[in-house]
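Build the complex from these two chains, which are given one at a time in their own frames, with help from the hints.
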Amino acid sequence: MTALHDAPPAAAQRRPPAGAEDGDRSGGSPLRRALAYLTLTVLAVLVLVPFAWMVSSALKRDNEVFAVPIQWIPRELRWSNFVEIWERIPLLTYLGNSAFLSVTITLLQLLTGSFAAYGFAKVRFPGRDALFVAYIATIAVPWQAYMVPQYIMMQKADLTNTYWAIILLQAFGAFGVFLMRQYYMSIPDDLCEAARIDGLSEYGIYWRIILPLSKPALASLALLTFVNTWNDYMGPFIYLTSNELWTVQLGLRSFVGQYDAEYAMMMTGAVLSVLPILVIFLLGQRYFIRGIATSGLK
Amino acid sequence: MAHVATPPATTAPPHRRRAWRDILIGWSFILPNFVGFALFTLIPMVAAFALAFLDWDSYSTPEWVGLDNFQRLFSDENFHVALRNTLYYALGHIPLTLVAALGLAIALNRKLRGVAFFRTAAFFPYITSLVAVAIVWNMLFNPTAGPINQLLEALGVAHPPKWVASTDWAMPAVIVTSVWRDMGYYMVLYLAGLQTIPKEYYEAARVDGANAWQRFWGITLPCLRPTTFFVVVMLTIQSFKVLDLIVVMTDGGPGRSTLVLSQLIYREGIIEGKFGYSSAIALVLFVIVLTVTVVQFRINERRSAR
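Chains as they are written, first to last, in this note's numbering: chain E, 1 to 298; chain L, 299 to 604.
Chain L extracted, bound-state conformation (with noise of 0.2 Å):
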């Protein structure tokens, strides 16, 4: 970000003309992105605020209702539930996510031969398709013959949960599938992190005598507080949007025990044509992140500033 400010060093002749060919090259390069964009990213994206404000389905004439939208939101049964959902994977997939990618790191952040296969096999879950995930973690989790469950069965587990089989198990199911997919990626970002921390630091402190348990609280947790911030924001925002995975795996079920917020967009925007409606969930699920994300930054700030 150092090069922003060099002020260029031809701009003696006519000023005015030389503003305005910028422009021209400027927006030449960036026009053929800008148009594909705008269209299909920033209108919709505008429209989205808009629509929620409409009375609007496939079939008839879109219509300005004000806030009638929310009201119905918040009487709608299928909207606290897929809100209570949304939270409680959240709630599951942020810390478990985030303590098993910063073990990792510091597992891996060892220079021995052959680390990087082990780094290389850390982050393959993340590039894997989804579909090829669900498919094997619903084997996994079989209720009857699957392998997770005879593990447990002979660990003395008299009546292992049925896992995807059942309302109180499919959303921990679903967590332990995303931790193990997501956590390669947070991986790489906290091994950035670690590479910035002096080495000094640890030196100085086992001179003082201070144990493994004693630096990682005292120097490696507080200097990888910007990354952790960093983590902990895409985390939340991941998780809050969760979708594909949860079609893929249980498509909302059994019943509506791991229906979320983006899938209640989906079935209510895309098959139900309920656009206008729709639209209110979506805005509800962006201001949700909203909130959360602004409220991380506060708390970043007020910490940076002690």
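Next comes chain E alone, as it looks inside the complex (with noise of 0.2 Å):
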């Protein structure tokens, strides 16, 4: 873990010094470099082809979906698909509860793990790095090892069927106390000594000078949260049972489940589902890749 660690990001690296890596000498030659295009380009291609399926059957009639030949670009482009959706499923009402789970998991988790993490990272007391072990020896177990233990815990507490038992189960993950400690490591103490002796007390130099530094860490740990939270199935398909509480991923699951025949609906879903998402990569991949090459988790 320590080599990745220390790794640049990979999306970090802008305009490297000379000096060529493998496979590619000082840009190589014309020849060369059109050889590597032309395998990246396959490459995304083959990588690329089933969201390229997905948009295009979005567009078509339900019995053009499965035309043989496959039609790449529909005859006919039935934008009517994206309006007719939002009155076929309550789109609306799902997607908006799945953004009310996403925002609010995401704070919580900022909230609470960028602080945790300040007792973990420059604060030192006895018991510290034993909890700490805890703490990230729970990240190594497999979930589903005790998601029984969770769902009786929840029942009893009759809080199944309502968005506590989503938040309360994702919101104070150790994951984020982890990402956020691995970055405040990397702040030096010398920092927070002079904070100290001007006369900044913990909580000061947490809120002044450490969080405004590690705003990327912030960043990469917000934009993990809120994609899974989005992405997320198992929580609520175990604990939301009501159709009004449903996030965007249960509904289009069982819109799926009955009505298996309109291919071309199914796509315009599963196109509109992933949207915010890419949107959200998109502003912030940067974040994303360096959350990941920095933490090597989810």
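It is worth saying that the hints were derived from the structure and are not from the lab.
Ideal Cβ placement from N, Cα and C applies to all residues, glycine included.
Careful: at least some of the hints might be erroneous.
[Unchecked claim] Label-pair ranges, simulated between beta-carbon atoms: (1) Ser-326/L to Pro-216/E: 24 to 32 Å; (2) Thr-104/E to Arg-504/L: 52 to 60 Å; (3) Ala-99/E to Pro-360/L: 34 to 42 Å; (4) Ala-317/L to Gly-257/E: 58 to 66 Å; (5) Val-397/L to Gly-204/E: 47 to 55 Å; (6) Ala-317/L to Pro-212/E: 27 to 35 Å; (7) Leu-283/E to Thr-494/L: 26 to 34 Å; (8) Thr-494/L to Tyr-203/E: 35 to 43 Å; (9) Asn-376/L to Leu-35/E: 49 to 57 Å.
[Claimed, not checked] Covered stretches of chain E, as calculated for chain L (at least 3 residues, CB under 8 Å): (10) 67-77; (11) 100-106; (12) 281-290.
[Stated by the list, open to error] One-sided and incomplete, this derived list gives chain L residues near chain E with beta-carbon spacing under 8 Å: (13) Ile-328; (14) Asn-331; (15) Leu-438; (16) Val-486; (17) Phe-573.
Below you can see the structure in the form of structure tokens.
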């Protein structure tokens, strides 16, 4: 893990110093470069073909989706699918629910995670490191191994079929603490020491010095948490039974279960559920990649 | 990690008071998160252990039964099927994802204009929601007119597999989908690893006349060993606990052909309310993951020592 940790994040690397990487000697000859682009394009097409098919099918009639041979570009673009879907399922409610859960959980995770990480990284007290090891150890335990006791707890507390279950179970993850602590460790202690001498309290140091310095890590954590919550299926699937509480993932899955021949409409729904994630990802991909490269964890 | 050891500069005055103060301050930072963490992660985790030794269904009162649950487990055919399927999935998912991720990382570790776009493209499947992924791939794998079988037929395969509609081919379909989804994530880890390899190694090898293949085996792979180790450990944990992809894509079917351990825990514990029995399955899952991880660490240590 240390090896990863010291490595410069892949995406942050731009305009590198002279010196070439393997297989691409100092820019290479035009032929080599053309070959490289060809390889990359073939790879990108292979990876992206399912998305292309998703978008193209979303713009077809149901009976055109499985036409033989495949039509990559529909004869007639049915944009009306994107209007109809809002009437077929309460998509707006679903999107709103997903957004509510994602925002709430992200905020709580950021707040409690960055706060606790300060205790682990910058305050020295007995038992701290043992506690931190306990935190990390839980990251390695599969969640599936303790989902039943969690469920029993929520059932006894009468919190099933409420957002409380999802929020309480996901907002205090060890992962956020871990990611933030790793980042705080890279901030020199001298900085905190200087602030202490100037009379700033520990809370003041956290708020005025450490937090402003750790914006990139906060951004990474926010994006990863938001996307994870948005995409989460099992949590809502286990806990949310009433339709009006459903997230977009549950709503879409149930649509597929009910109308299994409305292929185009399913794809329209899929496109709409992915769209917010695509936008967020494109805006903040630097932080995504950095978060993953520095923590090595989701 | 280098900063841990610097001692505080102002420890001179009353030593004890300072220590107490630090404990209070430290805990005040940790507490808001710790309360939630302890209640909703730590306690359930410990409880999961205890539950495995209880006979407790949602309607009955808990009763200590020792190893009874495990005995029942070993004669439960569903458990055997789920265990076999989980291993099948892991044996497919781990090597294929590793190779795909490494391949992508090497292909994308170039200084070319626009390479960032290709990295983004390769990473995007990983953050696409599973429901969307499952919908699209289920249709791509459609046995009669899905694009994949149309392609296979065009390539001369007379009777292409029925994929998610067939008990033999559903698991391969799930594995292909999961490899496609996960490879971008591990690619990011490999890209970070590749950037730690000093360029001089390659230059020296070139001077010695090593070809690309020899450079890959002689330099790239050995230098990536720490990354590969980490990737294998992560992939192993991830494949043994696979759940949501299966639930959304095949729901364990057709028949029981893609039923996996996590899903059995879900069915027995949450649907059927067999709290004790499902926790025994969970404990087995945990022990398997732990054992495999420990073995991997051992092998890694031995290799590094060499």
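Inset, instruction - Take a look at whether the Cβ-Cβ distance between Asn-376/L and Leu-35/E falls inside 49 to 57 Å. - result: Distance hint for Asn-376/L, Leu-35/E holds at roughly 52 Å.
Inset, instruction - Establish whether the coverage given for the stretch 281-290 of chain E by chain L is satisfied; the threshold is a Cβ-Cβ distance below 8 Å, and no fewer than three residues must meet it. - result: holds (count 5)
Legend entry - Hinted contact Val-486/L with chain E - closest CB pair below 8 Å: holds, 5 Å
Inset, instruction - Using the Cβ atoms, figure out if Ala-99/E sits within 34 to 42 Å of Pro-360/L. - result: holds, 40 Å
Inset, instruction - Determine whether the Cβ-Cβ distance between Thr-494/L and Tyr-203/E falls within the hinted range of 35 to 43 Å. - result: holds, 37 Å
Inset, instruction - Would you check whether Ile-328/L satisfies its interface hint, that is, whether its CB is within less than 8 Å of any CB in chain E? - result: For Ile-328/L, the interface hint holds, since the closest Cβ of chain E sits about 4 Å away, which is under 8 Å.
Legend entry - Assessment of proposed distance window 58 to 66 Å (beta carbons of Ala-317/L, Gly-257/E): holds, 60 Å
Inset, instruction - Indicate whether the distance between the beta carbons of Ala-317/L and Pro-212/E respects the range 27 to 35 Å. - result: holds, 29 Å
Legend entry - Status of the hint placing Asn-331/L at chain E (closest C-beta pair under 8 Å): OK, holds: Asn-331/L within 8 Å of chain E, min 4 Å.
Inset, instruction - Could you say whether the range 26 to 34 Å given as a hint is met by the Cβ separation of Leu-283/E and Thr-494/L? - result: holds, 28 Å
Legend entry - Beta-carbon spacing of Ser-326/L to Pro-216/E - inside the hinted bounds 24 to 32 Å or not: For Ser-326/L and Pro-216/E the Cβ distance comes to about 26 Å; the hint holds.
Inset, instruction - Examine the stretch 67-77 of chain E: at least three residues should have C-beta closer than 8 Å to a C-beta of chain L. - result: holds (count 4)
Violation of the numbered hints given earlier is confined to hint 11; every other hint is satisfied by the structure.
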